[in-house]
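**Q** The residues making up each chain are set out below.
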Amino acid sequence: MAQDGNGQVGTPRVKAGLAQMLKGGVIMDVTTPDQAKVAEEAGAAAVMALERIPADIRKDGGVSRMSDPEMIRGIQEAVTIPVMAKCRIGHFVEAQVLQSLEVDYIDESEVLTPADEANHVDKHAFTIPFVCGATDLGEALRRITEGAAMIRSKGEAGTGNVVEAVRHMRSILGGIRRLTTLSGEELYAAAKELRAPYELVAQVARDGRLPVVLFTAGGIATPADAALMMQLGAEGVFVGSGIFSSGDPAARARAIVEATRHFDDPAVIARVSTSLGPAMVGIEMDTLAPEALLHTRGL
Amino acid sequence: MTHGPLARPVVGVLSVHGAVAEHLDALRRVGADARPVGDVDGLGRVDGLVIPGGESTVLRLAAGDDLLAALRRRVAAGLPTFGTCAGLIALARDIDGGEEPITGVLDVAVNRNGYGRQVASCEAAVRYLPPFDTDGDGLGVFIRAPRITRVGADVDVVATWGDDPVAVRQGDVLATAYHPELTDDERLHRWIVDRARAYHRDNGNEDRGEGRRVGAQ
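Chains A and B, in that order, give the protein sequences. Residue numbers for the first sequence follow numbering that gives the first Met the number 0, so the first one is 0 and each next one is one higher. Residue numbers for the second sequence follow numbering that gives the first Met the number 0, so the first one is 0 and each next one is one higher.
In short, the hints are calculated from the structure, not lab data. Cβ coordinates follow ideal geometry from the N, Cα and C atoms, glycine included. Check each hint, because a few of them may be wrong.
Unchecked claim - For each label pair, taking beta carbons as the anchor points, the in silico distance ranges come out as:
#1 A:A188 <-> B:D95: 16 to 24 Å
#2 B:D153 <-> A:V92: 47 to 55 Å
#3 A:R194 <-> B:A76: 29 to 37 Å
#4 B:R72 <-> A:E198: 19 to 27 Å
#5 A:E184 <-> B:A197: 36 to 44 Å
#6 B:P35 <-> A:Q7: 50 to 58 Å
#7 A:Q230 <-> B:R27: 36 to 44 Å
#8 A:L298 <-> B:A197: 42 to 50 Å
#9 B:R72 <-> A:Q230: 30 to 38 Å
#10 B:T133 <-> A:E76: 39 to 47 Å
To be verified - Here are a few chain A residues that face chain B, going by a calculated C-beta distance under 7 Å:
#11 V8
#12 Q19
#13 M20
#14 G42
#15 L100
#16 H123
#17 A124
#18 T126
#19 R260
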């Protein structure tokens, strides 16, 4: 962008700033340029380009990887809103590839098969910002320490079941509320328990919020699900399988955008929930084998 | 509730999506009674308005026809307004590529994401120009920023980045391609609060049913 060569790219403020601009919005998983256009025309704030939606990844099994660059380019050309894409946890070369494609955000995602069981990507090393999933406050703070510029709940992607997203948002936000009640000397022990740096823990305790934007993801399938997560304290919503595996994707996409904007107005949520056609078929958590769970990857 | 001419002016932040909280914080720091504005009633109760950054496509689609119509009406009728990034697009008369303008009250043309994708987003030194500001330098945070490609005859350039105009003003409408709400530079938020105070003094607020406050000192 540096039109006269004086711009500083990839600063923390610029990385976190794009997520701040997405607040109150809906980020939708799309697998084709046509779906991306449907999402944009429904009012999506950004799209996540991926080859298979999580519900299909879950169904098909096998190793799930970064998408074909050709497919990502096609989506970039189809829309003007930000385009995100996923790399495997710890797969810094997939992240390098996504940066070279100039995606706007990289999701280091548990939905793909992890590439490294011990380490996440060093996200400070990139100009492109990263969003990472978290199930609790400690996990969120560890990802921020590694350079994540945006956090989302993990939920349990591809299930159409919001229960894990609720658990994770309550855990993250409840963890923050608890930190704000601790005395100065108690913060040292809290940092140890959270397995996160003391300075970051102290900052969250002082501010009463994460230093980056917190979205929700994983199992959101209906307008009411989106509004539930916003009322719980999410600053925006990722919808994965919920839109394009439903009966009428364009209408559902639009309805979830409206419900996210008017999350505290039940009359609006009632109106947009009317005659939407079938939601995606959901999966009960206790029917999933432990190895089928995605949210336990990359803690 | 009434506000005298010297009370804290009511400045709304259009709350469809985007960096609403950041602008509310910045406005409160410079003495405004800052409120999120998400519907026609709320828009009727402000003496100044900020249109925050976000995605202009979302603003266009998610605001709703009633709110967009009220926005056009109030901004065209002279409500002091300050737009950042997507807010600049919302105010611009021409959008490159032939998109319909959203309010069209500011006589500039913009190229959406004209400086590139996120990989090119940056912090850069901007220079404020007299008469708006005689104190020179500031910091611009540009995020997938729109580029101003034409400046109309009645539009003042408020700040430049290199040779490019990046902040412009036409009467009581100010817009930036960058995000002052992400820095501690308060000068543009002071401007909208000052203009809102003057607007209240000169007009009262008919939408609030307070009648005119002509000549109040």
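**Q** A separate judgement is required for each hint: does it hold in the structure or not?
**A** Status of the hints after comparison with the structure:
1. A:A188 <-> B:D95: 16 to 24 Å: violated, 56 Å
2. B:D153 <-> A:V92: 47 to 55 Å: Given a distance of about 53 Å, which is inside 47 to 55 Å, the answer is holds.
3. A:R194 <-> B:A76: 29 to 37 Å: violated, 56 Å
4. B:R72 <-> A:E198: 19 to 27 Å: violated, 49 Å
5. A:E184 <-> B:A197: 36 to 44 Å: Taking Cβ atoms as reference, E184 (chain A) and A197 (chain B) lie about 51 Å apart, which means the hint is violated.
6. B:P35 <-> A:Q7: 50 to 58 Å: Violated - the Cβ-Cβ distance for P35 (chain B) and Q7 (chain A), about 31 Å, lies outside 50 to 58 Å.
7. A:Q230 <-> B:R27: 36 to 44 Å: Check failed, 24 Å falls outside 36 to 44 Å.
8. A:L298 <-> B:A197: 42 to 50 Å: Because 56 Å falls outside the window, the suggested range is violated.
9. B:R72 <-> A:Q230: 30 to 38 Å: holds, 32 Å
10. B:T133 <-> A:E76: 39 to 47 Å: holds, 45 Å
11. V8: Interface hint status for V8 (chain A): holds (5 Å vs cutoff 7 Å).
12. Q19: With a closest approach of 5 Å, the Q19 (chain A) hint holds.
13. M20: Check passed: Cβ of M20 (chain A) comes within 5 Å of chain B, closer than 7 Å.
14. G42: holds, 4 Å
15. L100: L100 (chain A) check fails; min Cβ-Cβ to chain B is 9 Å, beyond 7 Å.
16. H123: It is violated, given that the least Cβ distance between H123 (chain A) and chain B is near 16 Å, above 7 Å.
17. A124: violated, 14 Å
18. T126: At about 6 Å, which falls below the 7 Å cut-off, the nearest Cβ of chain B leaves the hint on T126 (chain A) intact, so it holds.
19. R260: holds, 5 Å
Checked against the numbered hints given earlier, this structure breaks hints 1, 3, 4, 5, 6, 7, 8, 15, 16 and 17; the rest are met.
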